[in-house]
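Starting from the structure of chain A, add chain B where the hints point.
Protein chains in written order, with my numbering: chain A, 1 to 166; chain B, 167 to 433.
To be clear, the hints were calculated from the coordinates, so they are not data collected in a lab. Given the structure is predicted, the values throughout are model-derived calculations rather than measurements. Just so you know, nobody snuck in bad clues.
Partial list, computed: chain B residues near chain A (C-beta under 10 Å):
1) LEU210
2) LEU219
3) GLY220
4) THR386
C-beta: ideal position from N, C-alpha, C; glycine also.
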Amino acid sequence: MRLRADVTIDAPPAVVWRFVADPRGQLRFWSGLTRYEPVGRRLTGVGARYRVLMRLGPVDVGSLIELVEWQAPYELAWTSVSGVDMRGRFRLRARDGDRRTHVELRLAYGIAGAGLTGWIAEHVAAGTVRGYLRRTLNELARQVEHEQARAEAAARRQRLRPRQVS
Amino acid sequence: MIGLLRQLPGTSRLDRPEPRPDLDERDPDFIRERLPGLWLLSSLYFRGDVRGLGNIPDHGQVLLVGNHSGGVATPDTVMLMAAFSSYFGVERPLLAVTRTAPLAWPPSGWLRRFGIVRPTPDAADLALRTGASVLVYPGGEREAHRPSWRRGVVDLGDDTAWVQHALRHRVPIVPVVAAGGQETALFLGRRRGMPVALTLPWGIGVGALAGTVPLPAKLTIEVLHPIDLVERYGEDPDPEAVRDDVAAEMQRTLTAMQRARRLPVVG
Chain A
1 MRLRADVTID
11 APPAVVWRFV
21 ADPRGQLRFW
31 SGLTRYEPVG
41 RRLTGVGARY
51 RVLMRLGPVD
61 VGSLIELVEW
71 QAPYELAWTS
81 VSGVDMRGRF
91 RLRARDGDRR
101 THVELRLAYG
111 IAGAGLTGWI
121 AEHVAAGTVR
131 GYLRRTLNEL
141 ARQVEHEQAR
151 AEAAARRQRL
161 RPRQVS
Chain B
167 MIGLLRQLPG
177 TSRLDRPEPR
187 PDLDERDPDF
197 IRERLPGLWL
207 LSSLYFRGDV
217 RGLGNIPDHG
227 QVLLVGNHSG
237 GVATPDTVML
247 MAAFSSYFGV
257 ERPLLAVTRT
267 APLAWPPSGW
277 LRRFGIVRPT
287 PDAADLALRT
297 GASVLVYPGG
307 EREAHRPSWR
317 RGVVDLGDDT
327 AWVQHALRHR
337 VPIVPVVAAG
347 GQETALFLGR
357 RRGMPVALTL
367 PWGIGVGALA
377 GTVPLPAKLT
387 IEVLHPIDLV
397 ERYGEDPDPE
407 AVRDDVAAEM
417 QRTLTAMQRA
427 RRLPVVG
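The shape of chain A in the complex, shown without the other chains (with noise of 0.2 Å):
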């Protein structure tokens, strides 16, 4: 099963990515995930893992995922080693110059050679996951907007503060 959602953001690509590239930060704006932990040294770029767990109703589907792309500020891939089935993205484009950022966020998911049951299950589960990215994109949206309000704020307060005298 393959599911994408879609959202503009109004800041420049760099914020956006500074959010989604943070591994420590995922479970503050995905939606539906109960567990995101780094396994092993190493935190980001391509060879990271992590140990991945949604609820999906009656129970917690766990997966470990590895980075298998990493452009900043515009790709982030992985794909999952162990657990469910599982491919996943993060797409970064510019718009209006570089003020808004169109992010994409694509999920495939099933159990290879699990039939008919499997495929049933995956559509089932599709309603679930469909809303999770919807949500993930709206939370990363308002967390992302809001953090750039902030520093503009504090850039503008910069600019306004008295010059000292000498």
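Same frame as chain A, now just chain B:
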């Protein structure tokens, strides 16, 4: 006479030793491919809710100790095992020592590949030696067939072998409490030693037929915090005191879970 019988076709099993637990039949790929079907069954048919799997340590063995329910069908066992594999991955082995009756069914090969092993007296001990986590139901057959009106009672029985296994192998005990299994049929207790239930599709089910096709009762499973026996009770604890403590803790949880249920079957 036996020697003569052994020469007849089909009688070779007479000289076979006592069957061993099926410790090497668990098949991770088989489990993985069945997880979606079990997820559908748990989600849609039993409206299941498995909570607290995060209480199980991420690494190492544990001895999961559950209250048993649901008669022969024992849906809470399969749901818990599927939830464990979904949570930790099929790479982390879990073996369940369960009662004989389900393994007498035609699909018992399916159960054995799922990690359910035959309950010989030393099955749990041998299973722990393999390095797997192990799920045991000390209440066994008696608890699984207790009358439906006693669904809110934990009955782990008198046996303390499971406490001794945990001590011998130095593994923490993780209590697991399930509610709803005793509403998958109307269990009527025992008549002349045989469990009796009003059940589908038989009407009145007796013995291994008691509770064969479970009603879609809402199943809730709560995994409690692990108990390190040496840390809590010292190097040489009294197994009976440990058993009673674990049973009391499970009873408190089950009482709270039963209180949260508004209607039988509906949950």
